[in-house]
Each structure stands twice: as C-alpha cells, then as structure tokens.
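A.B. asks: As they're listed, the protein sequences go chains A and B.
The numbering of the first sequence is numbering that gives the first Met the number 0, which starts it at 0 and goes up by one.
The numbering of the second sequence is numbering that gives the first Met the number 0, which starts it at 0 and goes up by one.
If a hint is listed, it holds; no wrong ones were tucked in.
Once the Cα atoms are required to be at most 35 Å apart in a straight line, the calculated DSBU-like pairs of lysine-lysine come out as:
#: 1; chain 1: A; residue 1: K87; chain 2: A; residue 2: K329
#: 2; chain 1: A; residue 1: K87; chain 2: A; residue 2: K273
#: 3; chain 1: A; residue 1: K247; chain 2: A; residue 2: K329
#: 4; chain 1: B; residue 1: K77; chain 2: A; residue 2: K174
#: 5; chain 1: A; residue 1: K174; chain 2: A; residue 2: K87
#: 6; chain 1: A; residue 1: K247; chain 2: B; residue 2: K77
#: 7; chain 1: A; residue 1: K329; chain 2: A; residue 2: K248
#: 8; chain 1: A; residue 1: K248; chain 2: B; residue 2: K77
#: 9; chain 1: A; residue 1: K273; chain 2: A; residue 2: K288
#: 10; chain 1: A; residue 1: K273; chain 2: A; residue 2: K329
#: 11; chain 1: A; residue 1: K87; chain 2: B; residue 2: K44
#: 12; chain 1: A; residue 1: K174; chain 2: B; residue 2: K210
#: 13; chain 1: B; residue 1: K77; chain 2: A; residue 2: K87
#: 14; chain 1: A; residue 1: K87; chain 2: A; residue 2: K247
#: 15; chain 1: B; residue 1: K44; chain 2: B; residue 2: K210
#: 16; chain 1: A; residue 1: K247; chain 2: A; residue 2: K174
#: 17; chain 1: A; residue 1: K248; chain 2: A; residue 2: K174
#: 18; chain 1: A; residue 1: K87; chain 2: A; residue 2: K248
#: 19; chain 1: A; residue 1: K174; chain 2: B; residue 2: K44
#: 20; chain 1: B; residue 1: K44; chain 2: B; residue 2: K77
#: 21; chain 1: B; residue 1: K77; chain 2: A; residue 2: K329
#: 22; chain 1: B; residue 1: K210; chain 2: B; residue 2: K77
None of these hints come from the bench; they were simulated from the model.
For reference, the chains in residue letters:
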Amino acid sequence: MDRHLIQRGLDRTTLPRFLLWLLPWLLLAAWGGTSATQLFRDGLYHTNMDNRFAFGLWIILDLAIIALGAGAFFLGFMTYLLRRHEFKQVLNTAVIVGFVCYSGAIVTLAIDVGQPIRAWFAFWHANVHSMLTEVTFCITCYLLVLLIEYIPIVLKNRRLRTVPGAAVLEFNLHKLMVVFAGVGAFLSFFHQGSLGGMFGVLNGRPFAYREGVGIWPTTFFLFIWSAISAGPSFIMLITMIVQAVTRKKLVDDFVLSRLGRLSGILLSTYIIAKVADTVVWIMVTLPGKGFDAAEFYRSDMFGAWVLFLELTVFGLLPATILLNRRRVEKMPWLIAGGFLTCFGVAFNRFVFTLQTLSVPTMSFDRFMIYWPSQQEWGVLAGVFAYGVILYSLSFRYLNLFPRERELQTTTGGN
Amino acid sequence: MLPTAYEFHWDTGHIVFLGIFYSVLTVVMSTLIIASLRARRDMNKRREADIAWHESFSELATERRHCRHEFDGTFDAKVCGHEFACGNCEQHRALAAAAGGDDSIRVPPAQDAPATSPEGRLYHRGHTWVEARHDGTYDVGVDDLLRSCVGNPDRVTVPGVGTRLMAGTPVADLQRGRVHARVATPISGTVVAVGDYEGGRLYRLRPDDGKARLDQLLRATEARVWMLRELELLQARLTLPGEALALADGGELVGDLMGAYPDADWDAILADLCLEP
Numbered sequence: 000m001d002r003h004l005i006q007r008g009l010d011r012t013t014l015p016r017f018l019l020w021l022l023p024w025l026l027l028a029a030w031g032g033t034s035a036t037q038l039f040r041d042g043l044y045h046t047n048m049d050n051r052f053a054f055g056l057w058i059i060l061d062l063a064i065i066a067l068g069a070g071a072f073f074l075g076f077m078t079y080l081l082r083r084h085e086f087k088q089v090l091n092t093a094v095i096v097g098f099v100c101y102s103g104a105i106v107t108l109a110i111d112v113g114q115p116i117r118a119w120f121a122f123w124h125a126n127v128h129s130m131l132t133e134v135t136f137c138i139t140c141y142l143l144v145l146l147i148e149y150i151p152i153v154l155k156n157r158r159l160r161t162v163p164g165a166a167v168l169e170f171n172l173h174k175l176m177v178v179f180a181g182v183g184a185f186l187s188f189f190h191q192g193s194l195g196g197m198f199g200v201l202n203g204r205p206f207a208y209r210e211g212v213g214i215w216p217t218t219f220f221l222f223i224w225s226a227i228s229a230g231p232s233f234i235m236l237i238t239m240i241v242q243a244v245t246r247k248k249l250v251d252d253f254v255l256s257r258l259g260r261l262s263g264i265l266l267s268t269y270i271i272a273k274v275a276d277t278v279v280w281i282m283v284t285l286p287g288k289g290f291d292a293a294e295f296y297r298s299d300m301f302g303a304w305v306l307f308l309e310l311t312v313f314g315l316l317p318a319t320i321l322l323n324r325r326r327v328e329k330m331p332w333l334i335a336g337g338f339l340t341c342f343g344v345a346f347n348r349f350v351f352t353l354q355t356l357s358v359p360t361m362s363f364d365r366f367m368i369y370w371p372s373q374q375e376w377g378v379l380a381g382v383f384a385y386g387v388i389l390y391s392l393s394f395r396y397l398n399l400f401p402r403e404r405e406l407q408t409t410t411g412g413n
Numbered sequence: 000m001l002p003t004a005y006e007f008h009w010d011t012g013h014i015v016f017l018g019i020f021y022s023v024l025t026v027v028m029s030t031l032i033i034a035s036l037r038a039r040r041d042m043n044k045r046r047e048a049d050i051a052w053h054e055s056f057s058e059l060a061t062e063r064r065h066c067r068h069e070f071d072g073t074f075d076a077k078v079c080g081h082e083f084a085c086g087n088c089e090q091h092r093a094l095a096a097a098a099g100g101d102d103s104i105r106v107p108p109a110q111d112a113p114a115t116s117p118e119g120r121l122y123h124r125g126h127t128w129v130e131a132r133h134d135g136t137y138d139v140g141v142d143d144l145l146r147s148c149v150g151n152p153d154r155v156t157v158p159g160v161g162t163r164l165m166a167g168t169p170v171a172d173l174q175r176g177r178v179h180a181r182v183a184t185p186i187s188g189t190v191v192a193v194g195d196y197e198g199g200r201l202y203r204l205r206p207d208d209g210k211a212r213l214d215q216l217l218r219a220t221e222a223r224v225w226m227l228r229e230l231e232l233l234q235a236r237l238t239l240p241g242e243a244l245a246l247a248d249g250g251e252l253v254g255d256l257m258g259a260y261p262d263a264d265w266d267a268i269l270a271d272l273c274l275e276p
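Same shape as in the complex, but just chain A (with noise of 0.2 Å):
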C-alpha cells in the first residue's frame, strides 16, 4: 500500500505487519502523553520528586540520553572533519538517534520544568553564570543543526527525490554539511562538558564537588570524553538490534568493529582519567572539606560496590574488550562491550544524579531513596516509544543505511 514510498531495492516487511509492530510502541506513548498531559494540567505534585530530590528520573534520563546521543556529533566530526569515510555507512543513523535523543531530552526537560509557556524566559531572561543556561542555548541549537542534518535524509524519499527543488536543495545542504558537523561538535562540547560541570560546582555537594581548571571542574571534562567513548558504541549497538530485528545485513561488519575500537580507545583513556579523578576526589577534595569517602557509600542503596561497578565493570572491563582487536572482530564481544560502556555511562549519570542528591552533608541527616512516580514513569516510557516510532518510520521510508542495497544483492540479505 506505501510500496511507492519506500526505496526501490529496500526490503521492507508488509503495512500491517508494520503497524502491527508500531502498535505498543504507540500504547506506550500514549501513556506518555497522558503523563504529561497531567503535569502539565496538574503541576509537578504528580512526581515523586521534592525539595531535596529536584532532580529525579527525567534528568537521569536526560543526561544518558544526551550521553549516548553524542554518537551524531562525533561521527559527523569523524567523517566530514577527519575523513573517515567508512562511518558514512552509519551516518544517517547517527544523526536520526541524535535527533531522537535531543528532541527527547528538551521534550522531558520541558515536562520537568512544568511551564512550556515560559520556556522562552531561559533564553530570554539567560542567566550566563549558570552552566544550565549553557545547557539550555546548547542543546537548543544543536537540535537546531540535528534537524539541518536530518533534511536531505528525508529529502532523500523516494517520492521526495522526485521534486527537483528538493534535490537540488537536498545536494546543496549536503555540500555544506561540514559546516553543520562543525557547529554540531562545538555545540556539543560545550554542553556534554556542562552538564558535568553542573554537578562539579556544586559546593554544597561534597560528593559531586570536584577540583578543577578556571571555572570548569573535573566533571566538566569527564562528561565531554564519556559521552564520545558511548557514542559509538551505542550507535553500533543501534544498528546491531536493527539488523537483528529486521533480519538483513545493513553494513559492513569491519564499521561495526570499527566503531567499537573506537569506544574502546576512548573508554581506556577515559577510565584513566576517571580513576585518577576519583583518587584526587578521595585522598585531596573530601579531606579538604572535612569528610571521608566512606561515609558516601554507607548506605544499603548505595553501596561501595556501585564505585566498583563504576570503574571495572562499566569501565576496565569493556575498555579491554574493545581494545582488543581480535575480540572486536566477533560479534558477541563486540556487543558485551558496546552493552557495558553504553549501560555504564547511563549508570555514571545516574550516580551523579540519585546518590549526589540521597547522601546526606548535614550531621543530622541520613540516606533517602526516591523512587518515581507512574507519570514519571510514564514519560520515560513515551520518549523511549516516540524514539522507537520516528526510527521505525525512517527506517522504513528513508534510506538510513547506503550500504543495505548492494549488500542485500550480494548477500541475500544474511
């Protein structure tokens, strides 16, 4: 029935079948929607979250997401700044998770924020010693320069190309897309770092609180390099469950390794700096201020073993995996260690979120926990559908993979 709209070569499963698979992902988002509908009608007093957790699950969410997005922005770096011409092949899926995650991100920001209707007042009332406002401009125009790069992929439709002014502006946004990857890497920096150095700063918060360079903290720089270690990997990951679930070989399998030896460079040298970090945090910044590490991992949730978790399982393990080139030539190393690094950089925001916020700094204070509500849950639920649906529908009418044709030719699809 849309057989006109989908790429000629591209094998595509049937419109019911299609749909079919689009239908929970819809009753999801519609459970999203209907959370949001009521913070927005009701207030925020449908969160669990209060004075001391003001960050709860959506910025958990939102720094993962921003973290594991960053795969568009280095890719696009890696490919029309260095040259290297084979992440071409995964390119458009790059930018399309790109767009998911930011546009998901500003979407729960808004929801968290709980005002739509005075969103412009952080632009327009900009508070510039704030790393949040750098946050705010950042990722603002980075979604900007995502939907720049997402154009000429749509532009590209089968039934789109056909217009001759839309090819002809889809080759020339193309011909500057140097420009946007540029932008896109400076914007992108800057906020990955800020996001760090938000927690960084925090004084009062002797377990975020880190030394720094100038005004930008340790966290400022840690954030930068863990999000370009995860990037990759989850880019590769994406395209691993896309092949699986569609059952067709989308790109060459050395991209694949590539990008996990990527991650795994950058992770070792990332767990370096993580390390030393956390040993400069232990034996010179919390002495300083009169408190001892222990006393931050005392509590049943947060236990000893989550630093542990942190820095070897999240961190040395996948880093040896992927460092390894023989390992990342097979496939399932390759996806224990893309697994790992992109599950321990959602686990690293997570700590610096939850456990920043449930230790105590006063003498009289203890641990608390905080656990979301429904509509928190809920809207996590719709960001995560509305991500699957808009990659759903692009896989199927747009071609995110240049490879998928000439490999399906010569491979039969396998």
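Chain A is fixed; fit chain B onto it per the hints.
C.D. replies: Coordinates of chain B only, in the frame set by chain A:
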C-alpha cells in the same frame, strides 16, 4: 539575551557568552541561507537534471560504475569517477590521443532509412540507445535487455511532441502490472516525434543547439561487453541464494523475463537497470 532585557549587563560574562551564542546562530542561519540561495541559483540555471544524476551516480553500486575502457580491454578493472561524462576525463582524452585519434564519441554515419542494426547505435547505461538521422535528429529507444525484462508492457508513456528533455532525467515509463521502468533520456533535446515502441523505439529528439552531447554513451563494441556484464548481474538478481544460476550462459534471453520470474523483485531490478535510485 539582548540589551533591552532588564537582566542584561555590559559585562564580560554577558558579552562572551551571548557573543558565542549569537555567533553560532549566525553561522547556522547563514549556512542555511547560502544553501537555499545556491539551490535557487541551480534551479534558475536548470541544473536539476545534472544534480539528480550526480546524486544517483554516487549511489550506484560499484559494479555499475565501470569505466568504458574496461569494456574495450584497456584496463582490467577501473571504476568511473566522472559520472560517465568521458569528455571530462583526462585519462580518456590521453588514451584517445595515444591511439592517434580524437576523443569524441560519434554516432556511426547517418542512414537514409532508420537503422535497426545495433552497430549503428550508441548506448546509454540506463539501457537506452541513440540512433542518428540525416536531418540532425536522433531516435531514442530501449535496448533488448530492458525489453526482455519488461516483456509486453501494459502501458508505455513517452513525453509528448515539443517536450524539452534533460539528459539523465527519467522521461518514459514502461508499466507492467504494478511495476514501472522509468527510462531516462540519454541525450538532451526537444521531442519532435513519438515512437510506437516497435523495436523499443520511444521518441525522436532534436538536440539543443543542433548538437547532441554523446560522450557519456557507449559505442557498440563497448556496449557488447557491458551488456554481458549486465546479463551476469541480472542472473545474480534472478537467482535465489543457494540455487544454481537462473540463466544458462550463452543462451538466448526469453522475451518476457517478468512473466518467467514473477516472484523476483522487479521493482528493484528495473530500478537498477534504469540507473534509478
């Protein structure tokens, strides 16, 4: 945000932060405007067909981008980097000069009666041929391979007399059931007569300025080798994984491959043959 907002102060923080923000926005917006202006300029210069072909060529599989000098035996393997416009290829000109001739591609001497011999034609990689006539016009038709694939089309749509065509643009449509073969015109010009699809003949063109650009077309000797390669590719497309090749080497093509292989993905096969993305 702006000096008019009451929080704004002329201090370093505001100037640096907002300066960077506005610079980024300026770069993004001016790049967008430049892209739009260039698109408008290209439209005004009627470059749509060239751009569409440039985009299509970049998406062609490597096996469809072989250099013509592979077909004449000069190279064992060489991929074209000039979008088949041999007039723009220095190597092509050098080879022609070394051979002692010029590098132009010419249709064999015009004939009084319409030529039906394949030797009297030049071939486009989108499976069309061009045949010169005494009066300076050119006949355009589809080659035997494409005709064999489509068999008896339910409908043949060709541009009407007076239509101006740009080389490389899909202009004719051969429809069989739900499948379409969109055939690109091999040369630019204005349609002066419409064919009856007899022998694949589609229409007659009068080239712009009286002279057709023919450097992207293959001579009959080159086309013979190219056609064999195309047959091999077609064999591969019609063969299910794990099965023996569907067509016997050296055999004659049946007249209606679409009828013989109804389950094949003809939409994709015809797109490949017509160089359509």
